[in-house]
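**Student:** Sequence:
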Amino acid sequence: MLKESKAFSGFSVDDTRKAKEFYGQTLGLKVTDSEENTVELHLGSGAKVLIYPKPNHKPATFTILNFPVDNVDKAVDELTERGVRFEIYDLPSLKTDQRGVFRGGGPTIAWFKDPAGNILSVLEV
33 MLKESKAFSG FSVDDTRKAK EFYGQTLGLK VTDSEENTVE LHLGSGAKVL
83 IYPKPNHKPA TFTILNFPVD NVDKAVDELT ERGVRFEIYD LPSLKTDQRG
133 VFRGGGPTIA WFKDPAGNIL SVLEV
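For the sequence shown, the working numbering gives the first residue as 33, with consecutive numbering after it.
Just so you know, these hints were derived from the structure itself, not from any lab. As the structure is a computational prediction, the values presented were derived from the model and not from experiment. Beta carbons are placed, not taken as given, at the ideal position from N, Cα and C, and that holds for glycine. Be aware that a few hints might be false.
Result set (DSBU-like, lysine-lysine): computed pairs, CA atoms no more than 35 Å apart in a straight line [as the list claims (entries may be wrong)]: (1) Lys62 x Lys106; (2) Lys80 x Lys35; (3) Lys80 x Lys50; (4) Lys145 x Lys52; (5) Lys38 x Lys52; (6) Lys38 x Lys145; (7) Lys127 x Lys90; (8) Lys127 x Lys106; (9) Lys106 x Lys80; (10) Lys52 x Lys86; (11) Lys127 x Lys52; (12) Lys50 x Lys127; (13) Lys38 x Lys90; (14) Lys145 x Lys106; (15) Lys86 x Lys106; (16) Lys62 x Lys90; (17) Lys106 x Lys90; (18) Lys106 x Lys50; (19) Lys145 x Lys80.
Simulated DEER-style distance windows between Cβ atoms [stated by the list, open to error]: (20) Gly138 x Thr112: 18 to 26 Å; (21) Thr93 x Gly137: 16 to 24 Å; (22) Phe94 x Asp122: 14 to 22 Å.
Turn these sequences into a full structure, and let the hints steer you where they fit.
**Tutor:** This is the structure we're talking about:
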């Protein structure tokens, strides 16, 4: 029944106008307005993600979107120039460098947040 369904993901934000600006202008992704004050995020893979408003929005405590890149350091530099702030972690099992890049124990990865506080990443493939 669901095998042929064109499934899509979605996540909430507290302000779709800010989300549209961040994902469209800051990150440079294609975004379009959808119904009922929602925004569609169009990814390079052809997938779509629905961004919807939620009055009692609470940011996700996990990574909601991962953006594979060839070079994390280059992506961090370019996004930092666009105003993105990367998260710095100093935990026993998770330590990033001063730029927010984690190396070792998995892929090279850097995390950042959207205006609603949801966690995103760029990771090296």
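**Student:** All hints, please: hold or fail.
**Tutor:** Hints, verified against the model:
no. : hint                        : result
1   : Lys62 x Lys106              : 21 Å, holds
2   : Lys80 x Lys35               : 18 Å, holds
3   : Lys80 x Lys50               : 18 Å, holds
4   : Lys145 x Lys52              : 14 Å, holds
5   : Lys38 x Lys52               : 23 Å, holds
6   : Lys38 x Lys145              : 27 Å, holds
7   : Lys127 x Lys90              : 25 Å, holds
8   : Lys127 x Lys106             : 20 Å, holds
9   : Lys106 x Lys80              : 25 Å, holds
10  : Lys52 x Lys86               : 15 Å, holds
11  : Lys127 x Lys52              : 31 Å, holds
12  : Lys50 x Lys127              : 30 Å, holds
13  : Lys38 x Lys90               : 27 Å, holds
14  : Lys145 x Lys106             : 18 Å, holds
15  : Lys86 x Lys106              : 34 Å, holds
16  : Lys62 x Lys90               : 25 Å, holds
17  : Lys106 x Lys90              : 31 Å, holds
18  : Lys106 x Lys50              : 25 Å, holds
19  : Lys145 x Lys80              : 19 Å, holds
20  : Gly138 x Thr112: 18 to 26 Å : 22 Å, holds
21  : Thr93 x Gly137: 16 to 24 Å  : 20 Å, holds
22  : Phe94 x Asp122: 14 to 22 Å  : 19 Å, holds
Hint violations for this structure: none, all hints satisfied.
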